[in-house]
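For the protein sequence lines, the chains are U and C, in the order given.
The first sequence begins at 5 in the working numbering and counts up one residue at a time.
The second sequence begins at 153 in the working numbering and counts up one residue at a time.
It should be emphasised that the hints constitute simulated quantities derived from the structure, not laboratory data.
Just so it is clear, CB atoms sit at the ideal spot from N, CA and C, and this is done for glycine as well.
Treat the hints with caution; some may be incorrect.
[Said to hold, decoys possible] According to the in silico footprint, chain U covers these stretches of chain C (three or more CB under 8 Å from chain U):
#1 224–234
#2 242–256
#3 291–305
#4 314–328
#5 372–385
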Amino acid sequence: MITLEKRLAPSTSASILSPIIAITLTIICGLLMIQAAGKSPVEAFDVYFLFPFNDINTYLNTAPEDRGGLLYQPAEVLVKAIPLALIGIGLAIAFRAGLFNIGAPGQYILGAIFAGGVALHVPENLSRFIVLPLCLIAGAFGGLLWALIPAFLRVRAGANEILTSLMLTYVAALLLDWIVRGPWKDPAGFGFPQTPDFPESAIIPIILEGTRLHWGLALVLIIFAVLWFILARTVTGFRFTVTGLAPKAAHFAGFNQRGTVYLVFLISGALAGLAGAIEATSTIGQLQPEISAEYGFAAIIVAFLGRLHPVGILLAALVLAITYIGGENAQISLGLPKNATLVFQGMLLLFLLTCDALIHYRLRWRTRRRA
Amino acid sequence: MEPFLIAVIVAATPFLYAATGELVAERSGVLNLGVEGMMLLGAVAAFVTALTTGSSGLGILAGAAAGATGALLFVIVALGFSANQAATGLALTIFGAGASGLIGQGYVGEALKPLPKLQAPEQLAEFSGVRILFNHDVLVYGAFALIAIVWLYLNFTRSGLRLRAVGDDHHSAQALGLGVLRIRSLAVLFGGACAGIGGAYLSLAYTPLWAEDMTAGRGWIALALVVFASWRPLRIVFGALIFAAFDQAGNYRETLNIEIPSQFLSMAPYLATIIALVMISLASRRSDTPACLGREFRPDR
Numbered sequence: 005m006i007t008l009e010k011r012l013a014p015s016t017s018a019s020i021l022s023p024i025i026a027i028t029l030t031i032i033c034g035l036l037m038i039q040a041a042g043k044s045p046v047e048a049f050d051v052y053f054l055f056p057f058n059d060i061n062t063y064l065n066t067a068p069e070d071r072g073g074l075l076y077q078p079a080e081v082l083v084k085a086i087p088l089a090l091i092g093i094g095l096a097i098a099f100r101a102g103l104f105n106i107g108a109p110g111q112y113i114l115g116a117i118f119a120g121g122v123a124l125h126v127p128e129n130l131s132r133f134i135v136l137p138l139c140l141i142a143g144a145f146g147g148l149l150w151a152l153i154p155a156f157l158r159v160r161a162g163a164n165e166i167l168t169s170l171m172l173t174y175v176a177a178l179l180l181d182w183i184v185r186g187p188w189k190d191p192a193g194f195g196f197p198q199t200p201d202f203p204e205s206a207i208i209p210i211i212l213e214g215t216r217l218h219w220g221l222a223l224v225l226i227i228f229a230v231l232w233f234i235l236a237r238t239v240t241g242f243r244f245t246v247t248g249l250a251p252k253a254a255h256f257a258g259f260n261q262r263g264t265v266y267l268v269f270l271i272s273g274a275l276a277g278l279a280g281a282i283e284a285t286s287t288i289g290q291l292q293p294e295i296s297a298e299y300g301f302a303a304i305i306v307a308f309l310g311r312l313h314p315v316g317i318l319l320a321a322l323v324l325a326i327t328y329i330g331g332e333n334a335q336i337s338l339g340l341p342k343n344a345t346l347v348f349q350g351m352l353l354l355f356l357l358t359c360d361a362l363i364h365y366r367l368r369w370r371t372r373r374r375a
Numbered sequence: 153m154e155p156f157l158i159a160v161i162v163a164a165t166p167f168l169y170a171a172t173g174e175l176v177a178e179r180s181g182v183l184n185l186g187v188e189g190m191m192l193l194g195a196v197a198a199f200v201t202a203l204t205t206g207s208s209g210l211g212i213l214a215g216a217a218a219g220a221t222g223a224l225l226f227v228i229v230a231l232g233f234s235a236n237q238a239a240t241g242l243a244l245t246i247f248g249a250g251a252s253g254l255i256g257q258g259y260v261g262e263a264l265k266p267l268p269k270l271q272a273p274e275q276l277a278e279f280s281g282v283r284i285l286f287n288h289d290v291l292v293y294g295a296f297a298l299i300a301i302v303w304l305y306l307n308f309t310r311s312g313l314r315l316r317a318v319g320d321d322h323h324s325a326q327a328l329g330l331g332v333l334r335i336r337s338l339a340v341l342f343g344g345a346c347a348g349i350g351g352a353y354l355s356l357a358y359t360p361l362w363a364e365d366m367t368a369g370r371g372w373i374a375l376a377l378v379v380f381a382s383w384r385p386l387r388i389v390f391g392a393l394i395f396a397a398f399d400q401a402g403n404y405r406e407t408l409n410i411e412i413p414s415q416f417l418s419m420a421p422y423l424a425t426i427i428a429l430v431m432i433s434l435a436s437r438r439s440d441t442p443a444c445l446g447r448e449f450r451p452d453r
């Protein structure tokens, strides 16, 4: 039978190969399931995964004056990747420190609520350069506050952070639902559960005309550069890694365990909150019950797929974003159900976790014998 | 009041199945966050089977089998390959939501006849208490029977004691010659089958149709319920009825004269669970929290 045997040191090549193998297996199995559901797998592959490349290709082969709107879909991939990357890097920092913050959807929602609170209550004539930063800072603060609760309960009571952060996710979703149907409901919204549109000064401007790609992208790249530096080049980054890999060593090195718990939750909460704030002040432009908080769970896939490393996470965010946009396209052109995308995402994480066993273990054929 | 109480018992049923199954898995030391996904797989399999064969009994079996199949994925990845349990469970939930959507796509809009209900004897039907306790289907009574069986199993059988030992200290259990991974795998599969039946109840009886995401977060409430019940089977009954009462109170706000917005009523189970978890954690020495909950185990030789 096959058994797992612990490697002396984690394998670097397995760590890089694992996501590639997982993506390949996911595509193969996902397409087989789509075939079983009676749709063409070749067409599905094209619609799901090749569309951004096809579109860019068409763009390059079109005369410049006819190019309007051709980049819309590839830009949509970047638009989706923005929140996924932000939440993903925050979760990666928590996972590095061995803390499982899975409450990112709740922190994301609180970020959107706080940003919305600012956007809906600032004076009309205030400049964008004041309002937008205020919205984003408020959003990060909202996510941070929500993440502080599981951190506090973990440090003070020893309560399992997986369970508390998960429960708070649903509290946050219900809070948002109440806000948009109750206190902040748009009086001129024909009874729809939504707030009024945010003022122009609270909307992130577009980078590329004819698409929805906005300046949040630049913010993400700056944040990633800073975090990459902190993680790779400072004691703080080292502290996270040591706490995750060898808690006792971290203790003897004088790293305050409680401080690390707080710091990690604050960072990942603030980033998830910022993602929610960006989403609310860019593509949505108001608050509504459904603000794609499920990005908070998908970002777990992003963090693992990206090997908890900033560069990997940027790439992984693009992969997940492609499955989202591809899923929307498949809904329209192939008549696949809305949730079909989740087949790919769930399988991707399952395959990835399986392949990751090869980083720490090697497979061995073993004949059964009794010692 | 009477319709409310009947609605509470009915709404508690899927919680009872899913939470009882998850309780057994967690007592063996495994935290499977895939309950919602397994429920959805159970719901779609039960519905499709009952619709095509015309037999609700087969539907229930198919629901259990589909839930257990989802759990098998968890067993392979999290126990076989020692992957992070929380991540594996989430992956299973995501996958279950997707796969059930794909399987059930052709069945949206179809309807089933709900499961037959037990009639109250005519002489007794005038009593309100009798009307609340009768007039339910077999799965409702089955849920209470299941909890009783699990309670007996965990507390009064040798096998149940072994399962708890594995959950509390896997290294000692292994030293005693117990097959830790085998016991855990069986516990998780049982949990999956129960979650599948919980899902089947939704698509066969509660609202006898199939819709994407029809579990609507009930799997997460079931997870909360296990913690709220501090890992004790009999408290699950109590907790499930309370959680179901909060769930239903929103629909009966006018009859019950409740002023609180329904969202805050729906929040209560989650907040209560957090409070319960904090209290359990503070008093950890005397709790039934499985000491090895969520920790990975590799048998060494």
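Quick rundown of the hints versus the structure:
1. 224–234: With 6 residues closer than 8 Å to chain U, the region 224–234 of chain C meets the three-residue bar; holds.
2. 242–256: holds (count 15)
3. 291–305: violated (count 0)
4. 314–328: violated (count 0)
5. 372–385: holds (count 4)
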